[in-house]
Amino acid sequence: MLTKRIIPCLDVKNGITVKGVRFVDLQDVGDPPEMAAAYERQGADEIVFLDISASAEGRKTLMNVVERTAQRLFVPLTVGGGIRTKEDMRTALNAGADKVSVNTIAVQRPDVISEGAEDFGRQCVVVAIDAKREGKSWKVYTHGGRKRTDIDAIEWAARAEGLGAGEILLTSMDADGTKDGYDIPLTARVADAVKIPVIASGGCGKAQHIYEVLTQTGAEAALAASIFHYGELTVQQVKDYLIDKGVLVR
Amino acid sequence: MPVKMAIADYGVGNLHSIRKALEICGAKPYIVEDLNDLLEAECIIFPGVGAFDKTMEKLQPLKKALIGKLEDATPCLGICIGAQILFNGSEEGKTRGLGFYQGEVVRLKADRVPHMGWNRVDGEDSILEGIESPYFYFAHSYHGDPSEDIVIGSTDYFGQVPTLFLKGNTYGTQFHPEKSSASGLKFLKNFVRFAEAWV
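Chain order of the listed sequences is B and A. Residue numbering for the first sequence follows this note's numbering, beginning at 1 and increasing consecutively. Residue numbering for the second sequence follows this note's numbering, beginning at 251 and increasing consecutively.
Just to be clear, a hint being listed does not mean it is correct.
[To be verified] Label pairs and their calculated CB-CB ranges:
hint	chain 1	residue 1	chain 2	residue 2	range
1	B	Ser55	A	Lys254	35 to 45 Å
2	A	Ser376	B	Arg133	52 to 62 Å
3	B	Gln208	A	Ala315	52 to 62 Å
4	A	Asp303	B	Gly162	33 to 43 Å
5	A	Glu321	B	Ser55	29 to 39 Å
6	A	Asp287	B	Asp180	34 to 44 Å
7	B	Gln216	A	Glu321	22 to 32 Å
8	A	Glu307	B	Asp244	29 to 39 Å
9	B	Gln208	A	Val356	19 to 29 Å
10	B	Glu87	A	Asp284	51 to 61 Å
11	A	Ser383	B	Glu232	46 to 56 Å
12	B	Asp150	A	Gln352	35 to 45 Å
[Stated by the list, open to error] Where chain A lies over chain B, by a calculated footprint (3+ residues, C-beta under 8 Å):
hint	stretch
13	100-111
14	143-157
15	181-188
16	192-204
17	222-235
Read the hints as simulated data drawn from the structure, not as lab findings. Quick reminder that beta carbons are idealized off the backbone N, C-alpha and C, glycines included.
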C-alpha cells in the first residue's frame, strides 16, 4: 500500500532558507543542504525547495545549492520558483532536482507543462497552484500570490492534469501562515477533481492538522515548513502521531 | 578493487544522486555521455530519468550490441525508465525498447496515476537481504509486464504490480533506490556486492 508523504518545504532566498508568514515578513532560518539532510534523517519523504529570489543572480545561487543538496540527499527533491522555460527545467534537473514545479509560467503559457512532461516524463512536472477563496469558489493567484487571475482553481488543476502534470502542489493562501490547519474544503475539491497526486500546503500548525488533511481529503501528501524549521516538531514525531492514528506512513 | 559502474547519461535529469549513492555503497561509478562507451563497461547502470522515446532514441543504434553484452552476463541495473527500456516496447512511446526483457510496458491500472511516493516491495531475492523496512520511492505511470518468468518482487498498488525484475545478471527496479534513503542504499550495497562477484 502506498504510504502518505510528509514533505518539509524550504523557502530559499539567495541561497538561504527563509519562511514567510502570509507571503511576507521573511526571516532567515538556515542552510538548505544541511536542513534537507537533517530532514531526511528525521524521516522526511521528500524535500521541496521554493526559490523566492527575485534576481537572476539569486537563482544561480539556488542551482549551486541544489547541486550541493543532491550530493547528500537520498530522498526526492523538488525545485520550484522562477522556472520559466523547458531549459530552466533542464537546468534544475541536471543540477540535482528530481522534479520541478511551475506556477506563474504554467498559467501564462500552459504548454510548458506538456513540453516538460514530454522531455522529462510527467512524474517530473509538478504544477503549483496558489488559491484564494472568493465566495463559493477559489481563484488562482500568480507571482507568488501577488496577482489575482480569473481562473477557477479546481478547473485549473484538472486542466493541468490534462496537459501532463504529474502532481499538484496546492497552497491555500487563506490558510498559509495561519497555523490553523490546512484548507480542507479546497484540498478535498481539488483532490476529487484530478487523478494525479495532490500535495496539501498552507496552514499547518500541529501534527493533528496533517492527520486531518490526509484523512478528510484525497491528498496524498502534506507539506509544511515552519513547524519543522523552528523545531516545534520533528518529522518523526509527526509520523509517530500518524501511525498512532492508523495512517500508513513509511 | 571496486567495480567500475558506467551510468548512461541520456542528456536529461539528476545523475548526482545515483552516482553518489553507488560511491557510498563501495562502487566506482562514472557518467558516460558517449553511450558507445557502455559497450566497454564492466557494469552498466541505466538511470531512472527521462521519458521512454527520448531515451530509446539515444540507445537505438546500440540495441544489438547492448543486448549481446547483457546476455554475456555483464551486471546491469535499470532503474524506473531505465528498467522499462529493457522491455520490448511501451504504451508510453512509439519507439521500441531494447527487448532484453520479454514483454511490454503497460499503463498502471489504478485510481491515482502516477504512482508517486513510498511503497513496499515484497520479494525473496538476495538483493533485498538485510533491508529492515522495504519501502522504496516510486514515481511512474507505466510498469513492465513481462511475458517470461523474471519477476522477483512486487508491490500492492490497486492490485499487485511487478516492481523488481531479474534476468541473467540484469536487475530492473520500478522504484528509485537512489531516492529511497536507508532502504535504497542497502539495496544498492547488495547490488554492488552482486556485481563484484561477476567482474
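Each hint tested on the structure:
1. B:Ser55 - A:Lys254: 35 to 45 Å: Holds, at about 42 Å.
2. A:Ser376 - B:Arg133: 52 to 62 Å: 54 Å Cβ-Cβ, so the 52 to 62 Å window holds.
3. B:Gln208 - A:Ala315: 52 to 62 Å: Holds: the Cβ-Cβ distance is about 58 Å, inside 52 to 62 Å.
4. A:Asp303 - B:Gly162: 33 to 43 Å: Violated, since A:Asp303 and B:Gly162 (Cβ atoms, about 20 Å apart) do not stay within the stated range.
5. A:Glu321 - B:Ser55: 29 to 39 Å: About 54 Å separates the Cβ atoms of A:Glu321 and B:Ser55, which means 29 to 39 Å is violated.
6. A:Asp287 - B:Asp180: 34 to 44 Å: Since A:Asp287 and B:Asp180 have Cβ atoms about 56 Å apart, the given range 34 to 44 Å is violated.
7. B:Gln216 - A:Glu321: 22 to 32 Å: This hint is violated: roughly 53 Å between Cβ atoms.
8. A:Glu307 - B:Asp244: 29 to 39 Å: Between A:Glu307 and B:Asp244, where Cβ atoms are some 50 Å apart, the hint is violated.
9. B:Gln208 - A:Val356: 19 to 29 Å: violated, 40 Å
10. B:Glu87 - A:Asp284: 51 to 61 Å: violated, 23 Å
11. A:Ser383 - B:Glu232: 46 to 56 Å: violated, 26 Å
12. B:Asp150 - A:Gln352: 35 to 45 Å: violated, 52 Å
13. 100-111: Per the Cβ count (0), the hint is violated.
14. 143-157: violated (count 0)
15. 181-188: violated (count 0)
16. 192-204: Coverage by chain A holds for the stretch 192-204 of chain B (3 residues, Cβ < 8 Å).
17. 222-235: Three-residue rule not met by the stretch 222-235 of chain B, so violated; n is 0.
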